[in-house]
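Residue-level listing of the chains:
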Amino acid sequence: MKFWEMLSKLDRRIIFALVFLAVLLPLVFKMGLPIKGIQPPVKAIYDHIEKLPEGSTVLISITYSPSTMPELYPMTLAVIRHCFRQNIKVVCVSLGITGVGIGEMALQEAAKEYNKQEGVDYVNLGFQTGPVTLGMGQDIHKTYPTDYKGIKVAELPVMKNVKTYKDIGLIVDYTASGTGYIGTAVTMYNANLAVGVTAVGAADLYPYLQTKQIIGLMGGLRSAAEYELLIEKPDKGCIRMDSQSIAHLLILILIVVGNIAYFVTRRKRT
Amino acid sequence: MATDIYVWIAALLTLSIYSFLYKDNPLYKAAEHLFVGASVGYSIVITYYQAVLPRLINPIFQEGDWVMIFPTLIGFLMVSRFFPKYDWLSRITIAFMLGISTGINLPLIIQASLLKQLQGTMLPMTDINSILIVIGVLCVMIYFFFSSEHKGIVNTTSKIGILFIMVGFGASFGYTVMARISLLIGRLEFLFGDWIHLIKY
Amino acid sequence: MKCRLPVIVLLLSIISLPLVAQDKPALTPPEELTAFDAPNDAGGRIALTWRASEQNDKPGVSYVIYGALSPDGPWQETGRFPATIGFKSDVPYYFGLSEENKRWHFFEANKIEGLLESITTTVYFKLAVTDGANTVESSIVSSAPNGNWFDTSKVYILVFVAGFSFLILFFIRLARNNPNLFIRHIPGLDAIEETIGRATEMGKPILYLNGLHGMDSLSTIASTSILGKVARKVANYDSQIKVPCYDPIVMSVCQEVVKEAYVEAGRPDAFKEDNIFFITNDQFAYAAAVDGLIVRHKPAANLYMGYYYAESLLIAETGAATGAMQIAGTDSITQLPFFITTCDYTLMGEELYAASAYLSREPLQLGSLKGQDYGKGFIIAIIIVGSILSNAGVAFIVNLFKVF
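Chains as they are written, first to last, in our numbering: chain L, 1 to 270; chain S, 1001 to 1201; chain D, 2001 to 2404.
Hints may be right or wrong, so weigh each one.
[Unchecked claim] Computed from the model, here is a short list of chain D residues facing chain S with C-beta under 10 Å:
1. S2089
2. T2130
3. F2160
4. E2264
5. G2349
6. G2393
For the record, the hints were derived by calculation from the structure and aren't laboratory data. All values reported here derive from a predicted model rather than from experimental measurement. The C-beta atom is built at its ideal place from N, Cα and C for all residues, glycine as well.
Work the whole structure out from these sequences, hints included.
If you want it as structure tokens, here you go:
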């Protein structure tokens, strides 16, 4: 009984230390745990991009800040890589100020790998104020007069035939929370939308998946790893899944042990 | 160990923020103020170069689009808040913003979040999921019905509603554990990879 | 003998070539091509429809739409798509849900590249069907686009808004005559007064957060409304309230709301504008700053009303660690679990909106709440009837929503 009492009063710093080790050790000593099964909402995004004809355009929208990069950056990079592999043009926008640099980083990294040219195969339009998701439905060129580097959008070959959502094969919104595109791009302009979201926000978006207002959903690191596997380019998402799985296992054990300790000590008290 | 000065700055700032886990201290305070200041400064610079310059200053002074002066004036009314005698003028700007936001959002919310979701709820009950969706939506809506006391059938259905809500919260919890662990992974990768080179790729 | 076989195969192949070519049916010119002004738009769009054809609508065959400003050309390609897609049935908000729509193709032209950014005058169109080797063209049609003042596809929104507005106005009138309209008890609300009293006794401030949404969010509007009631009570108790804001516009609104509350309480002198201040609109920088505030000022009570994201637990956990009484109210479903575990009371979802009406008992808010309740009753009825009908094979109500 003393053991259970000790467990129920376990110092939280010991739990912190255990989680710390559960995350760190698999990063240092790679385990390569298998990632089994691809979730249908992730596969749906992959299939949609696969079916887009060469030369189509995908709009990548970055609505997250560096704080959620560990979850969202791998999936951002994976989708951009997929587009470049398929010779699909990428237009990147940021609905939040801190997303501008993240978009630039992902584009540069993927462009180098697939030998893509800025302004021709991809562009980072950066950040803009006001009702941007609404404005892009009317005229992207008016909403974003210049790109991130100040070059006039009208002069960019990649933007020549991209005026509104109608010219975009898929919007992929990467967001730390909800997406602002459902009400505007999807409802008003019938655009195809997929969302990459932190695991925290994933549950909120499932109703929209069920009503087909979004064509696909990537929620958290697991989805990023799955997408990397789909494009056969395992990267940070897959590597991080070792730590994620071990930490989840530890937390599951802690929940079970903690609950047993709680009920045992409560019965003793009563 | 990293030789890049920026990696060192980022690592030391991360450690300063983590020191809050022990207790509030000057290192945390310094990092907090630096974070707030840097984020506001970054916002101002990006907003100026990406929004104010191409969408306001250039259209007015280079392209002669003088119509832009009117929304600019409405925006400038916010400055009146610094002068107590005229601060009522800022209400015009706020009213403008509220009016536009409501006008844009109301039809879109009704269309995207109400009617589409209603359509998604009224499905033929061919599988367990569609049955659960209908029962769940009805019971949760009854829980949020404020015009009747929770007694009798209303009490029973609202209790079922609470069950559905709690299951939803459980799913959120699970997802959040995943999210938080991912964030920790990111930081540890940086500290033990980019900074002290213990993690190798 | 060995060299004869390939020769025979070659000869057979040559002989069979015309037979293979005969198997592939020839393309037929697209029939009944019509051009008309696209409905419910601001102009600049022309819709084209033509009858689907069994002979043409096969894999490998494409439709190409050409536009010109004169029937003599020059012709410009304005659209191209596989013949197996692009039907009137894809746009039920234009053409309804008739089965016949599956037998008609549809294309919407909104620009003629190189000629016009968007269509403004009469434009001529012709349609070609091609399988790569053969191309067949239709006759020429024309149309001019017009802007519409009213989008008839949105009439149902008008009906919804008008219906709900009528309900709300009706109940506001009812609440004016009878301010004791019944609203069920919400336990979290009683605690607000308790927290203000406690803060006054302890001589410590109350911290009030509005969440991370702007003034266009319902939760922020409800939050500022509750702030008004809380601020009035704070003014009466001669306590202090601090409102760190994430959004500059929300900050301005909050300053107004708190100022008005102090004036209504007869304490305009006690109002300190500096207590309602902007921090930053970076999510985690805001959370770090609020955490710092909580630790340093140790407020007696923390009220978190509005919409929150991942910062919710960071803030509420810090508040709980300082021993403050905490009340949260949010319609952010994903953050509710964290508030429930760290706060003394939590207003879930719509309870946040109800809170304002419950606290004030003002006819305007009471009536609105009652109107919303009956609106919910209406929606519950639609779901029940719609589900029963859809299970009985009658998809009338579900189809009604599909059109929109």
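Against the structure, the hints come out as follows:
At its closest, the beta carbon of D/S2089 sits 17 Å from a beta carbon of chain S; the interface hint therefore is violated under the 10 Å criterion. With a least beta-carbon distance of about 37 Å to chain S, the hint placing D/T2130 at the interface is violated under the 10 Å criterion. Here the hint on D/F2160 is kept, as its CB sits about 6 Å from the closest CB of chain S, short of 10 Å. At about 17 Å, the closest approach between the beta carbon of D/E2264 and any beta carbon in chain S exceeds 10 Å, and the interface hint on this residue is violated.
Given the 10 Å rule on beta carbons, the hint for D/G2349 holds: about 6 Å separates it from the nearest Cβ of chain S. For D/G2393, the interface hint holds, the least distance from its beta-carbon to any beta-carbon of chain S being 8 Å, beneath 10 Å.
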